[in-house]
Amino acid sequence: MIDLIQKLSGIYGPSGNEELVSEAIREEIESYVDEIDVDVMGNLIAVKKGTGDGKRIMLAAHMDQIGLMVTHIDDKGFLRFANLGGISVANSICRRVVFKNGTVGVIGYETELNSWKDITLSKMYIDIGASDREEAERLVQIGDVAVYHSLFSASNGKYIGGAMDDRAGCALLVKTIKSIGDSPNDLYFVFTVQEELGLRGAKTSAYALEPDLAIAVDVTATGDTPKCKPMAVSLGDGPAIKIKDASVLAHPKVKELMITTAQKHGIPYQLEILEYGGTDSGAIHLSRSGVPSGVLSIPCRYVHSDSETIDAGDMDNGVKLLIKILEENISI
Amino acid sequence: MSDLLRRLTSARGVSGDEGDIRKVIIDEITPLVDEVHIDRMGNVIGYKKGTNPKRKVMLCAHMDEVGFIITRIEDNGMLKFATVGSIDSRILPSKRVKIGDKGVPGVMGIKAIHLQEPSERKNAVKAKHMYIDIGARSKEEAEKLVSLGDYAVFDSDLVYFGDGRVKSKALDDRVGCFTLIESLKGNYPFDLYACFTVQEEVGLRGAKVAAYHIQPDIGLVVEGTTCSDVPKVEPHRHTTRMGDGPAISIADLASYSNKRMVSFLIECAKNAGIPYQIKEGITGGNDAGEIQRSRAGAMTAVISVPCRYIHSPSSVMDLKDLDNTVRLVKEFLEGCESL
Numbered sequence: 153m154i155d156l157i158q159k160l161s162g163i164y165g166p167s168g169n170e171e172l173v174s175e176a177i178r179e180e181i182e183s184y185v186d187e188i189d190v191d192v193m194g195n196l197i198a199v200k201k202g203t204g205d206g207k208r209i210m211l212a213a214h215m216d217q218i219g220l221m222v223t224h225i226d227d228k229g230f231l232r233f234a235n236l237g238g239i240s241v242a243n244s245i246c247r248r249v250v251f252k253n254g255t256v257g258v259i260g261y262e263t264e265l266n267s268w269k270d271i272t273l274s275k276m277y278i279d280i281g282a283s284d285r286e287e288a289e290r291l292v293q294i295g296d297v298a299v300y301h302s303l304f305s306a307s308n309g310k311y312i313g314g315a316m317d318d319r320a321g322c323a324l325l326v327k328t329i330k331s332i333g334d335s336p337n338d339l340y341f342v343f344t345v346q347e348e349l350g351l352r353g354a355k356t357s358a359y360a361l362e363p364d365l366a367i368a369v370d371v372t373a374t375g376d377t378p379k380c381k382p383m384a385v386s387l388g389d390g391p392a393i394k395i396k397d398a399s400v401l402a403h404p405k406v407k408e409l410m411i412t413t414a415q416k417h418g419i420p421y422q423l424e425i426l427e428y429g430g431t432d433s434g435a436i437h438l439s440r441s442g443v444p445s446g447v448l449s450i451p452c453r454y455v456h457s458d459s460e461t462i463d464a465g466d467m468d469n470g471v472k473l474l475i476k477i478l479e480e481n482i483s484i
Numbered sequence: 011m012s013d014l015l016r017r018l019t020s021a022r023g024v025s026g027d028e029g030d031i032r033k034v035i036i037d038e039i040t041p042l043v044d045e046v047h048i049d050r051m052g053n054v055i056g057y058k059k060g061t062n063p064k065r066k067v068m069l070c071a072h073m074d075e076v077g078f079i080i081t082r083i084e085d086n087g088m089l090k091f092a093t094v095g096s097i098d099s100r101i102l103p104s105k106r107v108k109i110g111d112k113g114v115p116g117v118m119g120i121k122a123i124h125l126q127e128p129s130e131r132k133n134a135v136k137a138k139h140m141y142i143d144i145g146a147r148s149k150e151e152a153e154k155l156v157s158l159g160d161y162a163v164f165d166s167d168l169v170y171f172g173d174g175r176v177k178s179k180a181l182d183d184r185v186g187c188f189t190l191i192e193s194l195k196g197n198y199p200f201d202l203y204a205c206f207t208v209q210e211e212v213g214l215r216g217a218k219v220a221a222y223h224i225q226p227d228i229g230l231v232v233e234g235t236t237c238s239d240v241p242k243v244e245p246h247r248h249t250t251r252m253g254d255g256p257a258i259s260i261a262d263l264a265s266y267s268n269k270r271m272v273s274f275l276i277e278c279a280k281n282a283g284i285p286y287q288i289k290e291g292i293t294g295g296n297d298a299g300e301i302q303r304s305r306a307g308a309m310t311a312v313i314s315v316p317c318r319y320i321h322s323p324s325s326v327m328d329l330k331d332l333d334n335t336v337r338l339v340k341e342f343l344e345g346c347e348s349l
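Residue numbers (my numbering), protein chains in the order written: chain B, 153 to 484; chain R, 11 to 349.
Among the hints, erroneous ones may be present.
Quick look at which bits of chain B chain R covers, simulated, 3 or more residues with Cβ under 8 Å [said to hold, decoys possible]:
1) 186-195
2) 212-224
3) 255-262
4) 302-308
Taking lysine-lysine and the BS3-like style, the derived pairs with C-alpha atoms no more than 30 Å apart in a straight line are [stated by the list, open to error]:
5) B:K252 <-> R:K33
6) B:K201 <-> B:K416
7) R:K33 <-> B:K275
8) R:K269 <-> R:K136
9) R:K218 <-> B:K396
10) R:K280 <-> R:K195
11) R:K218 <-> R:K59
12) B:K252 <-> R:K280
13) R:K269 <-> B:K159
14) R:K112 <-> R:K242
15) B:K275 <-> R:K136
16) B:K472 <-> B:K396
17) R:K112 <-> B:K269
18) B:K228 <-> R:K269
19) R:K149 <-> R:K105
20) R:K90 <-> R:K105
21) R:K132 <-> R:K90
22) R:K33 <-> R:K280
23) R:K136 <-> R:K105
24) R:K105 <-> R:K33
25) R:K112 <-> R:K138
26) R:K105 <-> B:K228
27) R:K33 <-> R:K108
28) R:K105 <-> B:K269
29) B:K275 <-> R:K154
30) R:K280 <-> B:K228
31) B:K275 <-> R:K242
32) R:K154 <-> R:K90
33) R:K340 <-> B:K269
34) B:K396 <-> B:K310
Worth flagging that the hints you see were computed from the coordinates, not collected in a lab.
All C-beta atoms, glycine included, are put in the ideal place defined by N, C-alpha and C.
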């Protein structure tokens with residue numbers, strides 16, 4: 153798992169620019185699935201046919217990560233940017249970013265501002281070390297997107313990296329594809345695009361696939377750090393079964409299926425109530441005439457920073473739980 | 011160019027009340043298409059059968075404009091109103107409007123400066139504190155002229171000024187409607203659906219059902235977009251620059267443009283010597299959001315004509331930008347089947 157998560161979390165893939173992630177995942181899973189294709193939005197869809205007349209199950213993890221899109225290059229070669237997804241001021245000041253072509257920049261801000269509270273993203277810029285516009289334009293064009301330049305670490309049973317949201321989910325699905333035994337169900341593994349911009353890839357792929365049931369795999373916040381907002385999810389206490397977030401109320405039968413499967417096989421789990429945010433199931437469960445949907449969440453500290461932190465045990469138990477769920481004959 | 015642009019911009023078409031502009035568009039496109047379809051939302055879809063149709067191309071521009079709706083008639087004959095679509099209420103005082111199908115003239119009023127407290131002078135007046143004065147002396151007199159729910163539209167003529175520039179209401183998005191009508195004069199191998207949508211300004215509503223109905227392979231949205239190349243705005247917040255040509259969007263809040271379409275648009279512009287600019291910034295959103303994510307998805311892109319003072323009675327545009335937008339869309343249509 154560590155090699156897989158290190159590999160996937162280090163690939164450049166901001167929203168709308170998921171091609172490299174898609175190629176890497178395709179290489180990993182191609183020989184393990186019956187069909188694999190990319191749709192018009194860029195979603196990577198892999199199918200593992202069932203052995204019986206089970207359900208059509210959609211599994212979704214998003215490939216995209218948050219990013220910074222260049223909107224302007226000034227005469228001195230500094231880049232102004234807009235956020236793609238939830239880029240915050242606090243997590244960005246003096247952080248390094250990297251573009252697809254390897255160009256590295258530092259995020260600075262207008263220091264004449266009196267207070268940190270006055271800093272907004274439009275008062276920040278990316279410094280790529282260019283001395284003027286021409287030099288900058290040789291490296292970067294308007295519309296190019298940078299991501300946090302992040303170092304992967306594995307320390308004390310934790311994985312720390314820049315795009316655990318949601319390459320951890322992608323890795324969990326890849327591992328599931330490689331490890332799962334026979335299943336009566338037709339499994340549609342969808343690695344989605346543009347989740348961070350509004351669950352966009354999940355919307356079109358769910359429409360195309362018409363699943364009977366769906367489970368998204370994504371990271372969630374935790375409530376286990378000093379003086380943080382209260383939330384009953386802790387790193388290392390097992391994968392979380394979502395009750396609700398701002399995008400979806402997990403379908404009771406899917407939730408029940410996930411909980412009873414975990415209990416039956418003695419897999420640690422926790423229940424998750426996220427008071428904000430959303431994930432692909434938010435779009436999937438409203439597709440066509442409705443899709444019973446749940447979410448398997450990976451607890452993650454420092455979400456949307458360059459040091460998103462997850463627990464190795466949560467990942468392993470997440471794979472175990474998902475495999476057990478998918479191998480069942482499901483009635484819903 | 012001038013006559014059509016004047017007809018399009020002077021027609022009334024506040025979101026939900028697109029009847030007047032719809033009629034103008036139907037008259038214009040009927041001789042150019044094989045079929046005119048008006049759907050249940052009120053979208054106008056001009057269908058032009060291809061000579062060798064393999065794919066469906068949807069061109070899209072919204073007919074509706076921002077405006078007002080009458081919410082109450084006061085005892086003294088004054089009309090209270092709500093805005094339809096996003097309008098900066100600071101621009102409203104003393105603006106002229108026309109209300110309802112009869113075009114009843116009115117003016118937006120606020121308390122005279124002499125009567126305002128010093129604190130009131132410092133704060134922008136909110137729309138909910140303004141009213142429309144139609145010259146009525148009483149509720150009864152006003153009710154003979156207008157009804158609750160009547161729409162009001164900016165009363166503002168198209169004016170040519172400067173060297174090839176115009177000011178008008180509703181350039182957003184009658185410039186798109188203009189471009190679509192011009193595009194329908196060509197013949198193409200694919201099935202072309204020119205959609206003039208309703209209710210974009212209140213949430214991309216018309217495009218949602220139009221795209222579901224058409225199921226296009228390729229969607230190209232033609233818009234009027236913000237242009238803030240004016241004093242005191244820092245260059246990195248201009249978004250677009252007037253006169254620099256049609257603006258191609260990489261992304262906005264509603265959609266991330268298909269990369270192959272964007273590359274192809276740039277290639278078209280370069281090959282044909284058409285000036286273009288890449289839109290700077292990702293603010294705003296348009297019908298492409300709904301088209302791209304209709305059913306199982308479609309390729310989409312957005313081209314916009316830069317318009318200063320958008321969503322006001324006096325938007326300003328450079329006619330060269332419109333002309334070049336028409337040229338770029340035509341170039342795109344000539345070759346887009348290879349995408």
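A quick look at each hint next to the structure:
With 3 residues having a beta carbon nearer than 8 Å to a beta carbon of chain R, the region 186-195 of chain B meets the requirement of three or more and the stated coverage holds. For a cut-off of 8 Å, the count of residues in the region 212-224 of chain B with a CB near a CB of chain R stands at 3, and the three-residue condition holds. Here the region 255-262 of chain B counts 0 residues with a CB under 8 Å from a CB of chain R, which misses the bar of 3, and the coverage is violated. With 0 residues having a beta carbon nearer than 8 Å to a beta carbon of chain R, the region 302-308 of chain B misses the requirement of three or more and the stated coverage is violated.
The suggested pairing of B:K252 with R:K33 is violated, with an alpha-carbon distance near 49 Å, which exceeds 30 Å. Of the pairs offered as hints, the one joining B:K201 and B:K416 holds, with about 25 Å between alpha carbons and a cut-off of 30 Å not exceeded. For the given pair, R:K33 sits about 46 Å from B:K275 by alpha-carbon distance, which is inconsistent with the 30 Å threshold. Distance restraint check for R:K269 and R:K136: the Cα-Cα separation of roughly 42 Å exceeds the 30 Å cut-off, and the hinted pair is therefore not satisfied.
Between R:K218 and B:K396 the CA atoms are separated by roughly 28 Å; this keeps the pair inside 30 Å, and the hint holds. Between R:K280 and R:K195 the alpha-carbon distance is near 23 Å, which keeps this suggested pair within the 30 Å criterion. Restraint check for R:K218 and R:K59: the C-alpha separation of about 22 Å stays at or below 30 Å, so the hint holds. For the proposed pair B:K252 and R:K280, the alpha carbon gap of about 25 Å is at most 30 Å, so the pair holds.
Straight-line distance between C-alpha atoms of R:K269 and B:K159 comes to about 25 Å, which keeps the hinted pair within the 30 Å bound. With a C-alpha separation of about 41 Å, the suggested pair R:K112 and R:K242 falls outside the 30 Å cut-off, and the hint is violated. Distance check on the hinted pair: B:K275 and R:K136 sit about 28 Å apart at the alpha-carbon level, within 30 Å; holds. As the CA atoms of B:K472 and B:K396 are separated by approximately 22 Å, the hinted pair is consistent with the 30 Å bound.
Restraint check: the Cα-Cα separation between R:K112 and B:K269 comes to about 52 Å, which exceeds 30 Å; the hinted pair is violated. Between B:K228 and R:K269 the CA atoms are separated by roughly 28 Å; this keeps the pair inside 30 Å, and the hint holds. For the hint pairing R:K149 with R:K105, the CA-to-CA distance comes to about 22 Å; that is within 30 Å, so the pair holds. A distance of roughly 15 Å separates the Cα atoms of R:K90 and R:K105; the hinted pair therefore holds under the 30 Å criterion.
Distance check on the hinted pair: R:K132 and R:K90 sit about 23 Å apart at the alpha-carbon level, within 30 Å; holds. The suggested pairing of R:K33 with R:K280 is violated, with an alpha-carbon distance near 37 Å, which exceeds 30 Å. Proximity of R:K136 to R:K105 is assessed by CA-CA distance (about 14 Å); at most 30 Å being required, the pair is judged to hold. Between R:K105 and R:K33 the CA atoms are separated by roughly 26 Å; this keeps the pair inside 30 Å, and the hint holds.
As the CA atoms of R:K112 and R:K138 are separated by approximately 24 Å, the hinted pair is consistent with the 30 Å bound. Distance hint between R:K105 and B:K228 is unfulfilled; the C-alpha atoms sit about 43 Å from each other, more than 30 Å. At most 30 Å may separate the alpha-carbon atoms for a hinted pair to count; R:K33 and R:K108 meet this at roughly 18 Å. For the hint pairing R:K105 with B:K269, the CA-to-CA distance comes to about 37 Å; that exceeds 30 Å, so the pair is violated.
Proposed proximity of B:K275 and R:K154 is contradicted: the alpha carbons are some 53 Å apart, above 30 Å. With a CA separation close to 27 Å, the supplied pair R:K280 and B:K228 stays within the 30 Å bound. Among the hinted pairs, B:K275 with R:K242 is consistent with the structure: their alpha-carbon atoms are about 15 Å apart, no more than 30 Å. Using a Cα cut-off of 30 Å, the hinted pair R:K154 and R:K90 holds, with the two alpha carbons roughly 16 Å apart.
The hinted pair formed by R:K340 and B:K269 fails the criterion: a straight-line CA distance of about 48 Å is larger than 30 Å. The straight-line distance between the Cα atoms of B:K396 and B:K310 is roughly 26 Å, inside the 30 Å bound, and the hint therefore holds.
Violation of the numbered hints given earlier is confined to hints 3, 4, 5, 7, 8, 14, 17, 22, 26, 28, 29, 33; the remaining hints are satisfied by the structure.
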